Amino acid sequence: MSVAADFIAVFIRDAQSDRVVPPTGYTATLTLFTAGAMAFLAVFALALSLASGRLADRWGEDLAKSVTVRISAPLDQVAAQTAAAVRVLETTAGIASVRVLTSAEQQALLSPWFGPDVPIDDLPIPKLIEVIETDDGFDATGLRLRLQTEAPGAVLDDHTRWRKPLTVAAGRLRSLGWTSILIIGAATAAMITLAANAALAANLQVIRVLRLIGATDGYIARAFIRRFTLRALGGALIGATIGMLAIWLLPEAGDDRIFLTGLGFRQSQWFLPLIIPVLAAVVAFFATRAAATRALGRLS
Amino acid sequence: MSVAADFIAVFIRDAQSDRVVPPTGYTATLTLFTAGAMAFLAVFALALSLASGRLADRWGEDLAKSVTVRISAPLDQVAAQTAAAVRVLETTAGIASVRVLTSAEQQALLSPWFGPDVPIDDLPIPKLIEVIETDDGFDATGLRLRLQTEAPGAVLDDHTRWRKPLTVAAGRLRSLGWTSILIIGAATAAMITLAANAALAANLQVIRVLRLIGATDGYIARAFIRRFTLRALGGALIGATIGMLAIWLLPEAGDDRIFLTGLGFRQSQWFLPLIIPVLAAVVAFFATRAAATRALGRLS
Amino acid sequence: MIEFKSAGYSYGGKALFGGVDLDLASGSFHFLTGPSGVGKSTLLKLCYGELRPTEGNVTLFGKDLHHMDRDELAAARRRIGVVHQDCQFLDHLPLDENIGLPLAVAERGVLKDESNLKELIAWVGLSQRANALPPELSGGERQRAALARAVIMSPDVILADEPTGNVDWEMSQRLLRLLVELNRMGKTILVATHDLQLIRAAKTQVQARVLRISDRQLQLAGADL
Amino acid sequence: MIEFKSAGYSYGGKALFGGVDLDLASGSFHFLTGPSGVGKSTLLKLCYGELRPTEGNVTLFGKDLHHMDRDELAAARRRIGVVHQDCQFLDHLPLDENIGLPLAVAERGVLKDESNLKELIAWVGLSQRANALPPELSGGERQRAALARAVIMSPDVILADEPTGNVDWEMSQRLLRLLVELNRMGKTILVATHDLQLIRAAKTQVQARVLRISDRQLQLAGADL
Ligand SMILES: Nc1ncnc2c1ncn2[C@@H]1O[C@H](COP(=O)(O)OP(=O)(O)OP(=O)(O)O)[C@@H](O)[C@H]1O
Ligand SMILES: Nc1ncnc2c1ncn2[C@@H]1O[C@H](COP(=O)(O)OP(=O)(O)OP(=O)(O)O)[C@@H](O)[C@H]1O
Ligand SMILES: [Mg+2]
Ligand SMILES: [Mg+2]
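Chains as they are written, first to last, in the working numbering: chain L, 46 to 345; chain D, 46 to 345; chain X, 2 to 226; chain U, 2 to 226.
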């Protein structure tokens, strides 16, 4: 029989062969429970991965490409040097946009430290130019040299180095999530294989009797495969559902720019955890099939 | 036999009763593997909890209690109002320390935005006073009123509101870690119980034979309990060791003020994951003991 | 039906018997006897392919055991009814379903209510116990059930290994009559037993040949039996 | 040693026998017979406490079965050697260790090299198979091993359920001699069997009483046996 036909057969009730193979008792419950618990954990790991991924992406976009050029010059030269710097920047390859911050914006940046009423315009404080890189980025050393000649008071200030560790952390958290999912998946596969093997070993007597009275391997294997696959599917469905419910119930803080206050799924992502039970069923199918083939091969 | 004596007996080799109970095959491997995989996951969850905990604590200490008072006044009044505000603060209940930031410190705060050469002293920018709360905290409204009369240019600026969401996120991540540990622990207990039950069910014949030739319940149970407990202990030891090794190998970014770049253990914390195998053994002991008692009770 | 051609068997080097030539022709009735441990059950296992001969050939229904694949073997077994010495059942199914199991496995459906099944159960004296689980049966009841299961499919060949070891004399006569009747219907029968009385009783009812394993050879027993 | 006082047993309402008064006095030799399914094995199970009487009392070594706790029962069983009808072994241990198992369980150590064990194994004709696993034994070999295991501890009482169902006549005489010898050494013996020939042979060697279950009563069989 082909693999596909075998797999489809799992979902077709066969009261008779189900009855012939004895109830697998604790191994059955074990499979159900293992699949459930692992699916539950997998949902959380998935949510963690997705949330960190979202975060890393956003920081990647918002921050990694943002660079500031600061003009510190005597008050009367500021305007001229600013204009010069803007010209240089606009003609530099790898820069997407250049914008001089307004006084209001600069004030906003300072307000956490000095309050809202600093008279920015009257002060000899530097002017700030916000630069957005293209994806390719620009040649920082070359730009610094050009700025030095055209606008000696301009300092290129790369924000990435302030924010980089955060992006790295988010990325690491994301890979921690994916690694957990892989480990959980592998552990589940191993556990279901072992449970199926245990069930087969416990039923060796039954299998022997069935072989002796003329049952084919397919007939015997089918009953075991069906049972374990359906159990893994059922358990994983329950586990994944409870996991999703738990995540749905998590209080969600508004701003998901902040780490993990938004540990949840977004719209269509809610369908992702539903893949888990399907995977569990497929894993159980192949695990039990291999185990049954091996166990049967040992009998004449 | 008392529970304690039973538990100690687990670690005393008994070649004979080990031989009498047949090798439990796949259920044994299953127990070993389950304990290992779960311990591995538990180590990571523990590391996550500890790292988030550290972070939350640090932010809690550094930031939650730090408040700034800003003196914005005409240049000639700044010194007088600063002194007045310091006096008010020093006599306010719930404040642990008061300190006027030096020019150098204020410059350091500004340098990310304006570069290192802002002439702070010559500028009409506010003076900052750092206030550290006691654990009990102070009455913000009362303080604001008193400051208004004594130093009209003083503004009480509560940093907590900027940092709070981060602290909340760290706390939430920590509880996610602890929840995972709890779920992992419960799942492990359930799985070991089920595996032990499966092994007992598979060996019902052996148990019956042993009872019939006069073996006591204790003799029979001991062999099963020893086997499962040692297997859970061994598996969890292996899993926890691999987990710790993996965490030890994680590249560690220097600053663990930043989220999770420091996903690891600090000094004595390295002993914490070693509790996991001990817990696994205890769980396995009680799980197998209950399962064996139940299985034996069904036989005459 | 089943043919041995200079077949022999040894478990890991220790030869039990060798050079066995035997033809279980259609409609024949054979007894197999010999002391305990001589290889009677082993010879029967060769007849239904649980073991393959370590020397020579065994042919089931014209096909050499060495060249049969697993599904062919399963098919051949559906034409052979076997009473195993340690009558094995599925402990979770009631007796009647156990006896009807060969029908279920041949995918002819579970015929719990088929009159043939009921009649057979009555013949072996188990009507009262039809709903009992195998572990709830007495030793003799299990043996009778095993015989019933072996004949339920009306197989071409019936192999019985010590089918009367646990039943009293009257019951063993009753079981023998069942086998004799099946033989008259054309079934091929081979019974391994150490019960010489049973063999003597059978010889009065049917033309049976008595085989004996001794000195690692299969011999035809003399007229003393 | 073992005493029944108007004891009876029924599996879920269906009474097998009732009002049984029986005293297996020290040094006595009893046979128990009756047709298949009449309750012989059940009566034996009452003797070693696998079942408790549903009416009346059974006393093992002076203690009522109803009042014995699990460890007392285990202790009593170490004084009773039983040959079960479906001789059960630990399939992962070789034959000699299986036979020595009661010693191991009584925590007297595994006496693999004890001459007593070897001698016993030789007596039941299993020296060649001492290292075989139970599933590798023939039916008769298992039965002989079961008898050997029952007597290894030199128990006060030996209960044997159909101990010769799968062995030939010569071997059954040999096993009987072992039981007779043990009885002469003062052991109490009860053998359930449907083999009347065996009983007749025994009566020539030993003073044995023959019990029969019929009409749900335990009766003393007449002189015809
Ligand atoms: N799987 C096996 N591995 C090794 N030896 C075996 C195996 N099965 C049987 N034997 C040995 O082969 C010999 C013949 O066994 P078999 O079961 O054929 O005997 P038998 O004639 O049926 O005896 P009985 O009358 O006691 O049932 C015995 O000595 C037995 O121990
Ligand atoms: N656990 C049980 N539950 C229900 N009925 C049972 C159980 N065990 C035995 N019986 C029934 O009780 C009756 C007596 O069984 P028992 O095994 O004592 O018979 P026996 O005299 O030993 O027969 P045999 O000679 O065939 O071994 C049988 O009909 C059997 O089916
Ligand atoms: Mg045999
Ligand atoms: Mg019986």
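Possibly wrong hints are sitting among the right ones.
Said to hold, decoys possible - Which stretches of chain U does chain D cover? Using the computed rule of at least three CB atoms under 8 Å from a CB of chain D, they are:
(1) 44-56
(2) 83-92
(3) 126-133
(4) 186-194
Rather than coming from a laboratory, the hints here were simulated on the basis of the structure.
Since we're looking at a predicted model, the values are computed, not measured.
We put the CB at the ideal spot given by N, CA and C, even for glycine.
For each hint, the structure was consulted:
no.: 1; hint: 44-56; result: holds (count 5)
no.: 2; hint: 83-92; result: holds (count 6)
no.: 3; hint: 126-133; result: violated (count 0)
no.: 4; hint: 186-194; result: violated (count 0)
Hint compliance for this structure: hints 3, 4 are not met, and every other hint is.
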